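Participant: Protein chains in written order, with the working numbering: chain A, 1 to 338; chain B, 1001 to 1338; chain C, 2001 to 2411; chain D, 3001 to 3411.
Keep in mind that a hint or two might mislead.
To be verified - Derived coverage of chain C by chain D (criterion: at least 3 residues anywhere in the stretch with Cβ under 8 Å from a Cβ of chain D; other residues may be distant): (1) 2053-2059; (2) 2071-2078; (3) 2175-2188; (4) 2192-2199; (5) 2213-2222; (6) 2258-2264.
By construction, these hints were calculated from the structure, which means they are not laboratory data. Computed from a prediction, not measured in an experiment: that's the story for all the values here. Note that the Cβ used here is the ideal one computed from N, Cα and C, for glycine as well.
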Amino acid sequence: MARMNMIQAINSAMDIMLERDTSVIIIGQDVGYFGGVFRCTEGLQRKYGEHRVLDAPIAEGGIIASAIGMGVNGLRPVAEIQFADYIYPGCDQIISELARLRYRTAGDFFAPVTIRTPCGGGIRGGQTHSQSPEGIFTHVCGLKILMPSNPFDAKGLLISAIEDDDPVIFFEPKRIYNGPFDGDPNKPAVPWTNHPKGEVPEDYYTVPIGRAEIVQPGEDVTILCYGTMVHVAQAAAELTEVDAEIIDIRTMSPLDVDTITTSVEKTGRCVITHEATRFSGFGAELAATIQEECFYHLVAPILRVTGWDTPYPHAFEWEYFPGQQRISLALEKVLEET
Amino acid sequence: MARMNMIQAINSAMDIMLERDTSVIIIGQDVGYFGGVFRCTEGLQRKYGEHRVLDAPIAEGGIIASAIGMGVNGLRPVAEIQFADYIYPGCDQIISELARLRYRTAGDFFAPVTIRTPCGGGIRGGQTHSQSPEGIFTHVCGLKILMPSNPFDAKGLLISAIEDDDPVIFFEPKRIYNGPFDGDPNKPAVPWTNHPKGEVPEDYYTVPIGRAEIVQPGEDVTILCYGTMVHVAQAAAELTEVDAEIIDIRTMSPLDVDTITTSVEKTGRCVITHEATRFSGFGAELAATIQEECFYHLVAPILRVTGWDTPYPHAFEWEYFPGQQRISLALEKVLEET
Amino acid sequence: MARTPRLHIPQPPARPGDEPDFSYVELSDAGAVSRPEVTSRARHMENLALELVRVIDDQHKALGPWHPQLDTHDLQVGLRHMLLTRVFDDRMMAMQRQGKISFYIKSTGEEAVSIAPAMALQPGDMLFPSYRTQGLQIARGRNLADLMCQCLSNTNDMCKGRQMPVMYHWARGNIFSVSGNLTTQFPQAVGWAMAAAIKGEDDIAAAWIGEGSSAEADFHHALTFAAVYQAPVVLNVVNNQWAISTFQGFAGGERRPFAVRGLGHGIPGIRVDGNDFLAVYAVTQWAAERARQGGGPTLIEHVTYRAAAHSTSDDPSRYRPRDEAKAWPLGDPIERLKEHMIVEGSWSEKQHEKLVVELEEYCAEAWQEALSYGTMTTGPQLDQHELFDDVLKDIPAHLLAQRDELRSLSD
Amino acid sequence: MARTPRLHIPQPPARPGDEPDFSYVELSDAGAVSRPEVTSRARHMENLALELVRVIDDQHKALGPWHPQLDTHDLQVGLRHMLLTRVFDDRMMAMQRQGKISFYIKSTGEEAVSIAPAMALQPGDMLFPSYRTQGLQIARGRNLADLMCQCLSNTNDMCKGRQMPVMYHWARGNIFSVSGNLTTQFPQAVGWAMAAAIKGEDDIAAAWIGEGSSAEADFHHALTFAAVYQAPVVLNVVNNQWAISTFQGFAGGERRPFAVRGLGHGIPGIRVDGNDFLAVYAVTQWAAERARQGGGPTLIEHVTYRAAAHSTSDDPSRYRPRDEAKAWPLGDPIERLKEHMIVEGSWSEKQHEKLVVELEEYCAEAWQEALSYGTMTTGPQLDQHELFDDVLKDIPAHLLAQRDELRSLSD
Ligand SMILES: Cc1ncc(C[n+]2csc(CCOP(=O)(O)OP(=O)(O)O)c2C)c(N)n1
Ligand SMILES: Cc1ncc(C[n+]2csc(CCOP(=O)(O)OP(=O)(O)O)c2C)c(N)n1
Ligand SMILES: [Mg+2]
Ligand SMILES: [Mg+2]
């Protein structure tokens, strides 16, 4: 076992897959010689050559499109979109093409493309370097949508994604690249070193797509979260001393409904949290499904604690961020009801 | 009062606004000389000239971008995207620019662009002429999202949209352009002629953005719907002889939560229906909000009746379409519970 | 508005009621355009993007450096494929009018731009078609009934009823899936070609779009990626003068031919008479050879005319002169090849008539075969529950549940 | 992989440790390029896209047909603006390093490509900036403190704290908002220009992007719409050789200059020495005049060099030779204008030194003024509840509720 931060874990996943499978290639802006603006592909071009790790023109639509073409021709491309905020120029190729190819050809063609992209706020990136657009893509059938919350899952899930024959969007919560973050920006930064999920095997392993993880068992309330919010939720539960069952969704689509409903049936209460804006966000799907599946077990309304329905501002990112205080209040509120 | 179908009503709205306000212009593929593939802009170029009603290159991104530029320069562009399925190449300009301009400039710049686009299935259009992508755009703050269900609302809402200083996406359910459709494809087509909402004033009037309409009052269950589904829901309620309160959402964003919650608090039951796929669709936001706001009034889980989570198939569109039978079953199911 | 508008609005040469006018189409004489070595630098052959490569002259003779010197067999095959495409189109159009299929798109007058390239390319080359290139399928020997079954969404439909008519694909035949979303295939073809080059394979890719579609972002993505990585790909823009109701000026054709777009990226552009089978064959062969030798991409503009309506949903008499097709200066590709072959002595009117009859019969038989697999309303039917397959490779839990729900309804 | 890969991978001329090498940059002599009438047809001046318009020669003399013949006052203003831009950049960089602002982007070495055009255009012309064109603000007389306030997200920030540093806008000064999303402003500028033409107004639009950004779809949208409608717009591509870590070859610069992209659409392309203030001024003036006379768009490629890091988050020594800037064959725009003015007798080293001191003082004062409006952490603070304003024109109910919720938290 090694200690890795999330960047190293992601790098290791790609390294292993480039090694194991010569059809794996990496493409994206600045991913080659430079190793990526977040350094996730550092050293890979040197190791596997310029034909396996390709710097790309600044055209997200072209990157996705060419990855699709490569996928159809037997390669297994891992495309990096430099920030999730810049995925939109690729929307048509993702939604109309990548997600639909297998269906429209009744399985005769498919493109096993993995799209990696850093998401989320908390790095003073303002509205164009902080977005969490997963909710848009969870509404697109034909895609698998993932977001890990720690190095161990990041590596295992990314390997699964690369090996998967379905297209995957792999969102990387950049705020926790270097260490878990509990939502308090005034605390000193913590590295992954002492976190149990910072222990990462150096070799190949997978974390299965489509399975949520119970991060912490509990009896009184279920907290659903993913990415950075897993750590913030844990801190809020601790702060409020609530016996919360915290579930890291990990795969937003296809969703592990069973793990979620089993938990809510037990606790009868649920708080959902994500960084993305609330209105029509992924939390809505979680709430809608739970109220339908667990209606008779619920003793309080399901609450959502999310980014406000505004762009992510530069100056007030901590007022924007759904932090410990807001989660705590929601926990208290759902626990008030009897 | 005149009798109009939805195409005529939409045409009339643009005609009136072109006449009243010289800053209004129309731009889109085939909208000029030809009058649009669905004929919504018929006659407008002849009447207002080639500088007010512009045929455009086949580039949805360019259409939205140039409309933004025109909007910033004092015009009030109405852009047509020929099918909602083709809106994706415009996603970046819509999401990153149109929706964000006012916010990022603290109100110093804005672009009052209306995007009109036909959506929905039922015309044997297959997966690329049948989509209802409203759920994607309801998640984008800074946009207003509308879908009318009849000629009267179509005209009044479109005039409101054009006059609105915020960007609006105006979805036109093409299946009901020519007549209301109750979900039964085997019945002969019905024109708007005898429908009360087919009576449309020839002059200027508005239907306010942000207000749902109670299409039919009722006591036992609330049905939330919009576009084509309003008519299908009505037919299903009639079929099942359920005393349903049917609410036509009309404006998905910003949502008229009060009208909805008032109704559900009364009925205690709710069925939501839309043509779009279910997972992470707009119905999820409705269900999530209602369970939160009306938790103690609900006597049964809120059910969603939607398109399946697959692309819209060509051959089995009626098996795909959330028709009367499925809505009826949902009504029966929510009424079973006591 | 206070002042006079001064925005330029492109004007088509003629509208309904006007005399057709194709004086804007710049022509070259057959044989007049030079043929550079395939290894020449793009900047040394910019003339190719402006002139018009033509081989068959007004006297039906083939001449000049681009004459591909095909043997009689190949000419007969080419003619047969083009004719079959037309016969197929006519029958499918009739079937749509009879309500047997929901929709159709003809390629009438443009048969050469798919048949000739498909013949000039190698079987292992991957083709990325547009919706108006059914000729690619036919030239690669696709069973006609298979195409018809797709249009019928029947039990033998390769798309399992999921796509509108004409959205074919053929994995074994190396023909990619037609997309309803314009131009998406262009940069995908570049990606496919990049993969071939990465793998060190000799296969190349070729893709087709209409001139109207060249305005889409993906056109630019394709040119940029093809130029940057020197991808082995042949990019075809079929300039048939119309994009539904808008003439090619609305895609920027008023100012410069579409082939010139290539030059802006350092990609050779070739403007070819799209109704001259021999010319199209020759330029494709040239571009393919260039690509295979590592010379990178070529952009080919096929100058042709959309003689039919845009689709069965369209009525072109609303926006262009009814008899415009007749005035088209480059004639009809089938007629021109036929006349050439007759002049060369390798074909006769009689053979031609016989062939037409044979193909019509073949087509009629294929239709009967196709019908045996059912239509959307009669005969054997696809299993509706398969509509949940292939969204993902394995059907996820929520779709299994939805399938069960649908099943319970039909019970 | 079985066979040898044969995909072309663009190669920068030099990497860290290598000798800088700019032999790939094709130069023309100052004064050597002809200056066509602004009414000439695009196709009759394609040479402009390949050659390099230069006015100031190695002896610091200005010459040739593009010599804009500016008077001393204008030259001094231009020099001052460029110098102020540099002084401003240096101070803001220092402030970022001290943690006073979160981020910054310098334009060092590229000052001429914003200052000269801003001076050559009319005040009513609308400018669509990129993040590296702070010079536009300065040339139009923006209060420096206003720019600093934006970078500080303080109570006087025109963006109300919503944007990262450098994402300025200036409605009254007719400068549009900088977007974080590359290239989006290019087709927006075309739309703005289309509106001016529709309204019959004389104003034109101008927009700036980097060469790397030319790969984005919006570059193509801009060219297509500008060409089709002949929009009165000046489209500037600033080729500073680098896009973060990738050199211009990854945007297709290995093959053809970016100015040539215009020709593909029938738009005149001009390649200009971006470090030659006079040349940039002259070509902008030419393009603006052409646009104003109804001649439509011009694409200008400014050949320059990004002497600084991409941004404060970047470390260029990881991907290019440390001393590459020194080897740049077109020198420094400020030095070159200064030397020219000295040679012409309208400037002196002494004046220059004095000016630098004056501008540094001005800048220091402006910084103090800016600080009086607060920083993100000290002094007066923006009202956090304003974060709910301007999402829509009127705050909708759900945002009012969210604002209340935030209010209740801070209570
Ligand atoms: C992205 C997208 N936008 C719009 C359409 C609607 N549409 C279908 S065909 C067509 C015209 C295409 O013209 P052209 O590219 O010239 O091809 P042609 O029909 O002439 O073969 C349009 C606008 C579409 N299918 N996809
Ligand atoms: C749509 C989009 N994709 C990617 C980025 C990330 N990004 C910011 S600047 C940049 C490089 C741009 O290079 P260039 O256009 O040459 O401008 P320069 O920085 O050289 O001025 C990139 C890739 C972005 N901001 N927007
Ligand atoms: Mg066409
Ligand atoms: Mg650059």
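Participant: Confirm or reject each hint.
Facilitator: Do the hints match the structure? See the list:
Residues of the segment 2053-2059 of chain C lying with their CB closer than 8 Å to a CB of chain D number 0, which falls below the three-residue condition for coverage. With a threshold of 8 Å between beta carbons, the proposed coverage of the segment 2071-2078 of chain C by chain D is violated, since 0 of its residues qualify and at least three are required. A stretch counts as covered by a chain when three or more of its residues have a beta carbon under 8 Å from one of that chain; for the segment 2175-2188 of chain C and chain D the count is 0, and the coverage is violated. Check on the segment 2192-2199 of chain C: 4 of its residues sit with their Cβ under 8 Å from a Cβ of chain D, so the three-residue criterion for coverage holds.
A count of 6 residues in the segment 2213-2222 of chain C with a Cβ less than 8 Å from any Cβ of chain D is obtained; the coverage claim is therefore met, three being the minimum. Evaluation of the coverage hint for the segment 2258-2264 of chain C: fulfilled, as 5 residues show C-beta separations to chain D shorter than 8 Å, against a requirement of three.
The structure fails to meet hints 1, 2 and 3 from the earlier list, while all remaining hints are met.
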